[in-house]
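Every letter in the sequence shown is one number past the one before it in numbering that gives the first Met the number 0, and letter 106, counting from 1, is 105.
Be aware that a few hints might be false.
[Unchecked claim] Listed next, the in silico PhoX-like pairs over lysine-lysine satisfying Cα-Cα at most 20 Å (straight line):
#, residue 1, residue 2
1, Lys38, Lys78
2, Lys170, Lys231
3, Lys190, Lys240
4, Lys123, Lys46
5, Lys46, Lys107
6, Lys119, Lys107
7, Lys53, Lys78
8, Lys247, Lys190
9, Lys87, Lys35
10, Lys274, Lys247
11, Lys107, Lys183
No wet-lab data here; the hints were simulated from the structure. Note that the structure is predicted; figures quoted are calculated from it, not measured.
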Amino acid sequence: MEETLSNTRFISFHRNQTNPEPMPLSTLTFAYGDQKYEKMCREMAGKDDVLRRKVLIEINEDFHQADKLNFALESSILKQLVKCFTEKDNVIRELASRAVLKVACTEKGREILVNQQIVKDVRKLFDDQEIQIRNNAYTCLINLAQYTFGIDAVIDFEIVPVLVDKLILEKEEEILVLILQLMKILAEGEKAPVLLLNTPVLARLNTHLASRNQFIRELAALNLGSISYNVKGKEKTIEAKSIQPLTKMLFDDVSEVRTAATRALASLAQLKAGKVEIYDLEMLDRIIELLYDDSDQTKLNVVQMISAVGEYPPAREKFKECLEKLREIVIKDKFHFPLVSRFAQTAIDVITWIP
């Protein structure tokens, strides 16, 4: 089948393989046989920068195919790539970091990055002056953190405190988005929230809730929601005064931002302090309006928030205004979105509860 594919589709075919079967030796068409990558290593160890750039470009082309990438890892090519991280030549550093980014796309590559502690070297690229190199470094760790094995490794190599510092040190928005994406992945695990609560992360995330960049606003809210998953996280987030800026985001023009804000607020409303603050901020009318939001996920978050905030007696009285809409949701979404229907019924039970 591969012989009939166009070049672009051939590359796509190999990229989409998670753990590809190696090609039979008889069809491996390297110009120097199984010595190809050893030859490249020798060339990269030389002082001819023009030749080294050409080699790095060829390596990046080869690494589009996972079987060639895994084959290359049997040589000392990765060691040479890491050495290039300290080069003065920006092009060489960028090409090397781009190649290492691709290494994190295969299981074998991820294991080597962790076992040989190359994650530490990737972390140093967070401080590189070139935006694309920093981009490559963060994307590499995002790829690594897609798996539990990688999440634990990123945490064990003390990346979390660095990410928190970068929330204020990084000035490029596209890189800040990657930092928040990586933090979000880590915060959804068990270890990272505990570590994050021992840093000034909450205050820094609060600052980004008002960003002009919609992706930064959304990711900052999502991170607050993940950090506040357990009771201690909820308490610390409320103490950090995150509720007020989150409630302002309920009026955001971007649907995804509203969804992220309602998710975080639904979590914080599980505690009495959260319920009371949301009520005192006079946000109940806006919460009721969001029952008409076009996003099913936002509606799910809102009915959960109503169930939580509605346990506060003054709020319960106010939410009686939306009983008709909640009953409509129970019936209308029973088959379309059963989860919304079920939580809407829970909200009705809370609102209509008689002591």
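Verification of the supplied hints:
The suggested pairing of lysine 38 with lysine 78 holds, with an alpha-carbon distance near 14 Å, which does not exceed 20 Å. As the CA atoms of lysine 170 and lysine 231 are separated by approximately 31 Å, the hinted pair breaks the 20 Å bound. Using a Cα cut-off of 20 Å, the hinted pair lysine 190 and lysine 240 is violated, with the two alpha carbons roughly 24 Å apart. With a CA separation close to 23 Å, the supplied pair lysine 123 and lysine 46 exceeds the 20 Å bound.
Note on lysine 46 and lysine 107: the hinted pairing is violated, with a Cα-Cα distance of about 30 Å set against a maximum of 20 Å. Restraint check for lysine 119 and lysine 107: satisfied, since their Cα atoms lie roughly 18 Å apart, inside the 20 Å limit. In summary, the hint linking lysine 53 to lysine 78 is supported, as the alpha carbons are separated by about 18 Å, within the 20 Å threshold. Distance check on the hinted pair: lysine 247 and lysine 190 sit about 30 Å apart at the alpha-carbon level, beyond 20 Å; violated.
Distance hint between lysine 87 and lysine 35 is unfulfilled; the C-alpha atoms sit about 26 Å from each other, more than 20 Å. At most 20 Å may separate the alpha-carbon atoms for a hinted pair to count; lysine 274 and lysine 247 meet this at roughly 16 Å. For the hint pairing lysine 107 with lysine 183, the CA-to-CA distance comes to about 25 Å; that exceeds 20 Å, so the pair is violated.
Hint violations for this structure: numbers 2, 3, 4, 5, 8, 9 and 11, all remaining hints satisfied.
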